[in-house]
Every structure is written in C-alpha cells, then in structure tokens.
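Residue numbers (our numbering), protein chains in the order written: chain A, 9 to 152; chain B, 9 to 152; chain C, 9 to 152; chain D, 9 to 152.
Just to be clear, a hint being listed does not mean it is correct.
No distinction is drawn between identical chains; accordingly, a pair holds when it is met within one copy or between any pair of copies.
[As the list claims (entries may be wrong)] Below are the BS3-like pairs computed for lysine-lysine, each with C-alpha atoms no more than 30 Å apart in a straight line:
1. Lys130 / Lys110
2. Lys110 / Lys141
3. Lys127 / Lys57
4. Lys127 / Lys110
5. Lys127 / Lys116
6. Lys58 / Lys110
If you are wondering where the hints come from, they were derived from the structure by calculation, not from laboratory data. Source: prediction; values computed, not measured.
Number of protein chains: 4
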Amino acid sequence: MTEYSRRVNFYETDLMEIVHHSNYLRFLEEARLDWCVKRGVSQWHGRDKKFLLAVVHTEVRHLSPLRFTDQFTVQTQARLKGAKMIFEYLLFVGGNVTTGAKLAAWGKTEHVLVNNLMKPIKIFPELREIMEKESWNETWHLNL
Amino acid sequence: MTEYSRRVNFYETDLMEIVHHSNYLRFLEEARLDWCVKRGVSQWHGRDKKFLLAVVHTEVRHLSPLRFTDQFTVQTQARLKGAKMIFEYLLFVGGNVTTGAKLAAWGKTEHVLVNNLMKPIKIFPELREIMEKESWNETWHLNL
Amino acid sequence: MTEYSRRVNFYETDLMEIVHHSNYLRFLEEARLDWCVKRGVSQWHGRDKKFLLAVVHTEVRHLSPLRFTDQFTVQTQARLKGAKMIFEYLLFVGGNVTTGAKLAAWGKTEHVLVNNLMKPIKIFPELREIMEKESWNETWHLNL
Amino acid sequence: MTEYSRRVNFYETDLMEIVHHSNYLRFLEEARLDWCVKRGVSQWHGRDKKFLLAVVHTEVRHLSPLRFTDQFTVQTQARLKGAKMIFEYLLFVGGNVTTGAKLAAWGKTEHVLVNNLMKPIKIFPELREIMEKESWNETWHLNL
Numbered sequence: 009m010t011e012y013s014r015r016v017n018f019y020e021t022d023l024m025e026i027v028h029h030s031n032y033l034r035f036l037e038e039a040r041l042d043w044c045v046k047r048g049v050s051q052w053h054g055r056d057k058k059f060l061l062a063v064v065h066t067e068v069r070h071l072s073p074l075r076f077t078d079q080f081t082v083q084t085q086a087r088l089k090g091a092k093m094i095f096e097y098l099l100f101v102g103g104n105v106t107t108g109a110k111l112a113a114w115g116k117t118e119h120v121l122v123n124n125l126m127k128p129i130k131i132f133p134e135l136r137e138i139m140e141k142e143s144w145n146e147t148w149h150l151n152l
Numbered sequence: 009m010t011e012y013s014r015r016v017n018f019y020e021t022d023l024m025e026i027v028h029h030s031n032y033l034r035f036l037e038e039a040r041l042d043w044c045v046k047r048g049v050s051q052w053h054g055r056d057k058k059f060l061l062a063v064v065h066t067e068v069r070h071l072s073p074l075r076f077t078d079q080f081t082v083q084t085q086a087r088l089k090g091a092k093m094i095f096e097y098l099l100f101v102g103g104n105v106t107t108g109a110k111l112a113a114w115g116k117t118e119h120v121l122v123n124n125l126m127k128p129i130k131i132f133p134e135l136r137e138i139m140e141k142e143s144w145n146e147t148w149h150l151n152l
Numbered sequence: 009m010t011e012y013s014r015r016v017n018f019y020e021t022d023l024m025e026i027v028h029h030s031n032y033l034r035f036l037e038e039a040r041l042d043w044c045v046k047r048g049v050s051q052w053h054g055r056d057k058k059f060l061l062a063v064v065h066t067e068v069r070h071l072s073p074l075r076f077t078d079q080f081t082v083q084t085q086a087r088l089k090g091a092k093m094i095f096e097y098l099l100f101v102g103g104n105v106t107t108g109a110k111l112a113a114w115g116k117t118e119h120v121l122v123n124n125l126m127k128p129i130k131i132f133p134e135l136r137e138i139m140e141k142e143s144w145n146e147t148w149h150l151n152l
Numbered sequence: 009m010t011e012y013s014r015r016v017n018f019y020e021t022d023l024m025e026i027v028h029h030s031n032y033l034r035f036l037e038e039a040r041l042d043w044c045v046k047r048g049v050s051q052w053h054g055r056d057k058k059f060l061l062a063v064v065h066t067e068v069r070h071l072s073p074l075r076f077t078d079q080f081t082v083q084t085q086a087r088l089k090g091a092k093m094i095f096e097y098l099l100f101v102g103g104n105v106t107t108g109a110k111l112a113a114w115g116k117t118e119h120v121l122v123n124n125l126m127k128p129i130k131i132f133p134e135l136r137e138i139m140e141k142e143s144w145n146e147t148w149h150l151n152l
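Start from the sequences, fold in the hints, and give me the full structure.
So this is what it looks like as structure tokens:
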C-alpha cells in the first residue's frame, strides 16, 4: 500500500463549488503512477519503454465532496488478476489518515499492459515478482 | 432513450494517442445533460433553479479506444431507484448506430438531487412524472 | 473567415460559476481545427500525416464571462508570417453574430508546423496556396 | 518572487506526447495561488471571502515542450497596475533553476479583483501593503 497526497487546485472545481467527478480519475491516476514509482515499476512504463497501462474498467464511489484547497490523500493497493492489473484506492480528505481524515471516495481501476500500438502484452517476470510481494486488503470496499 | 453525438477533440487525447479515460465521464455528462434538455428536465437544473445532480457512483467499461477526430454517439437511458437517478450509457464509435457503429464503452452513473448547499432533495412530482414514462432496457450491460 | 459554434459544458465551469479561462484555449483549438477541416487542410494534419501544429504563442483577452449552457460562436481568421501560421479569433456569446451576439473574448495563437518528432517543417506548397486565398482583417483586435 | 514546482502528470499530455498548451494556464494558476499562500493573500481569496481573481488577459510563450514525468518550476512575480494585479511567470524544466534548468515558457496574466457576483472590487489596503513590498524584475520577458 502506498500513500499519495496533494492539494485540490482551483481549476479542478465546477460551479457546484466542489471538485468535478471526472477529476477523481485523474487523482487516482496520479496515485497509481506514484505507486509505480515507489515500486520501481515506472522504469518500464512509457511510450518508448516496456509497457503502457490501458484502462479497461473504472469505478468510483463518492462519499463526500472535495473542495478548493482541500488536502487529500490516496491510499493505493495493487494485485494481478490473470492478465490484468487491478488497483484499488481509498481517498481521504482533511488531515492525517491515521488520525482525523475522512473517507471521501473509493475507487477501483482495471488495466491491461499494452505496447505503443495498443496491443496487449503479457505480465512480464520482473513485474510479476514485484506483484507477488504486494499484500491486498479484501475489506477496502467494505468501508462504503 | 436519447442519442447524443459529437467528434473527439485534439485536447481530449493523451500520449497513447487515444482519448484519456477521464474524458469519458465528461462525454457521459454531456449525454446526460442532453437527455435532460430533451426530456424538459433541464428547466429545473442549475444553481439558481430547483436542483443540481450530485454524482455518487460512476462506472465505465472500455472496449475499444477513441481517437482524435472520431465521431462518437452516446445512447442514454434513465430510471429512478429510491431517491437516486440512475443513468446508463452505450458509447458507439464510427458511423451510424443502427448500421455499422462499434460499441466502444458502457457506462453507468448514479446521482442524488441536491440544492446549492449540497443538501439532498426529494424527487419532485414533475420529475417523477417524466421518469414514469421512460423505458429501461435491462440488457444494456449484457453487451459487454 | 470561418465560424464555429457550440454550447458550454457543465465540466468547463469553475467555482466562480463561469468557464475556467484555460478552457478558452480549448475552444480556440476546436475553432482552429474546424478551420482546417473547412479549408481542406486537415487532410494533412495528424501524427501519421504531413504535419502537426506546435503552439509557440497564445494570447487571450477576456471581456465577458461564459456560463454553463451559453451558446458561443468563434470566428477564426488565419495568415502566414514567415514560417509561422497565425490564427486570430473573436468569441461571441448569446445569439447570432450578425444580430445580437456579444463579444466575449479575443484570442491569437501562433504555430509552427512540426513532424512527429517535433522538428519544424516548412510551409508546404499546397498549404501556401490555400493561405494565399485567405483574407485577413487587421481590425479585429481593435474591437477590444 | 516565489518558486512553485511539481511533476507533469500523464493526463496532461496529448497525442503529440507533450503537455497540451492549455495546461500551462493551469500550471500558472497553481503558481499564482501558491504565491497568494506564501504572501498571506490567500486568507482573503475565495467565494466566501474578500475577493476572487477574474482573469482579463493571458499570454504564454512556449520555448520548449514539457513531457510526462518532467519536473518543472515556475517563478512568479506580481505587481499592481491601477486596479489590476499583474503576474509574470518563468517556467523552467529539468533540474535546479539556479544551475541546469532550461527556460521552457514565459507567461503573463492580468486580473481584476471581483466579488461572488463578478463585480469588480478595489485593491484593498492590506493587499496594497503587501504589494508595495514586492520587487518586480522588468527584464523577465527579455529572456525570450
């Protein structure tokens, strides 16, 4: 599990004075690529590298809105499921996750590895090795 | 069921040369608000009006990528489920839906009606009356 | 001169209840690529084609805000200046440009033609021929 | 002068494999609001507070493209000009500004202070006091 944190930007809000829901997928992407950096996976990720991550499924549940200047933290966990990489996310707002933060959203994204031409690629050994060390908490979606 | 159609813009692509997945939620929003216009619901929608639609859940399945200049069409259906409005979408790419178009994505979004202060509002009678005339096709997600 | 028109989307607004200023560059891009379609230039535009348009300078003056559901129209004119393509835009809101529309913004963008590797390309003969037929109104920026 | 720094996100790229030019206005906004935080001005900025910043003019010159994962730094300076606040920006990419960074873009934005109803507000004394302490480097645009 990794943690990624930043502040909500002005341009991410809409006329309801909250973060537009489409931006949550961008926050999850930031957290996912941060996971890739922290796990050493990003060395193989990119157009001129070993793989890109094609998104095949996304799901987000919104519990509480985010507002301009809110500090948020995304916890990310990852696992393999056949040829797919599954990421699951808990997005907290306000303060420290271990103390007073509030769960604002839950998300899940499913991906296949592809090359520059969008052709699917198998999970390669170095990635499988990394994934085998990851723990997965089955109960994250039960927070909802 | 309504149909909404437009072309993919340049700025909606990413370095994989396809539409970034977060933009699908924007396409679905365009289709949803087009549904509201066509059903006469948009007269009550807005900050200074009867209600706004808060997003509580989104789900998108991606079958085939969209690319710059692609013409896409979104079919939208809507129903009530308790205090929630549920919208379901089929996104087609390339040509006419009834002839040669290809299913590119399926989506579902769930909403509650709120006022300017983000407080939930009941489904009001005029909206309920409109919703009762809507038909719902249970099999849309079976296309996947 | 070409005209491009559409409605403001919900997700293009910010917490000031107006269109976020960064989106104007997206509206101008839509109008510019519409110009390319109408002039037959888009047949050569794209990653696997003759050229892409790299942006080297942008400028936008805002006179009046755009809001959700506003219908806007962008008038676009283009000319060559050495190796650069210059586009200038007038963005009107509300109703017909020739009758009651209001000037909401003026913009100018400068571009160089590049290939997939971002290397500059000369203005090619077919494009020069098209550009020589374009008229340019020197007084557009005087509207401000 | 303040400095604001972060990494380019995946979703900020386009099919040319570089950051889409509209996102530069978002980077400048992040840098501007960071300036407001560092100068103590953000305490008065917001919908329910003393003022909002309406954008009346933007200008960006692009010297070199930004790419996914690039670290960039924005230097920001501010001054008053009548009732307007003027911000000027230098955007560097790659490494430390004082050592090996490369100038990638220059920008300028002009603003008026407005209230929630978009009505212009005078520069208030606390802001004027802060602005009088700011130094302004006239030569920034000469870097171009």
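Evaluated hints:
1. Lys130 / Lys110: between (38 Å within a copy, 26 Å between copies)
2. Lys110 / Lys141: Only inside one copy: Lys110 and Lys141 sit 29 Å apart there, 40 Å across copies, limit 30 Å.
3. Lys127 / Lys57: both (14 Å within a copy, 22 Å between copies)
4. Lys127 / Lys110: between (40 Å within a copy, 18 Å between copies)
5. Lys127 / Lys116: Answer is both; intra-copy 23 Å and inter-copy 27 Å each pass.
6. Lys58 / Lys110: between (38 Å within a copy, 28 Å between copies)
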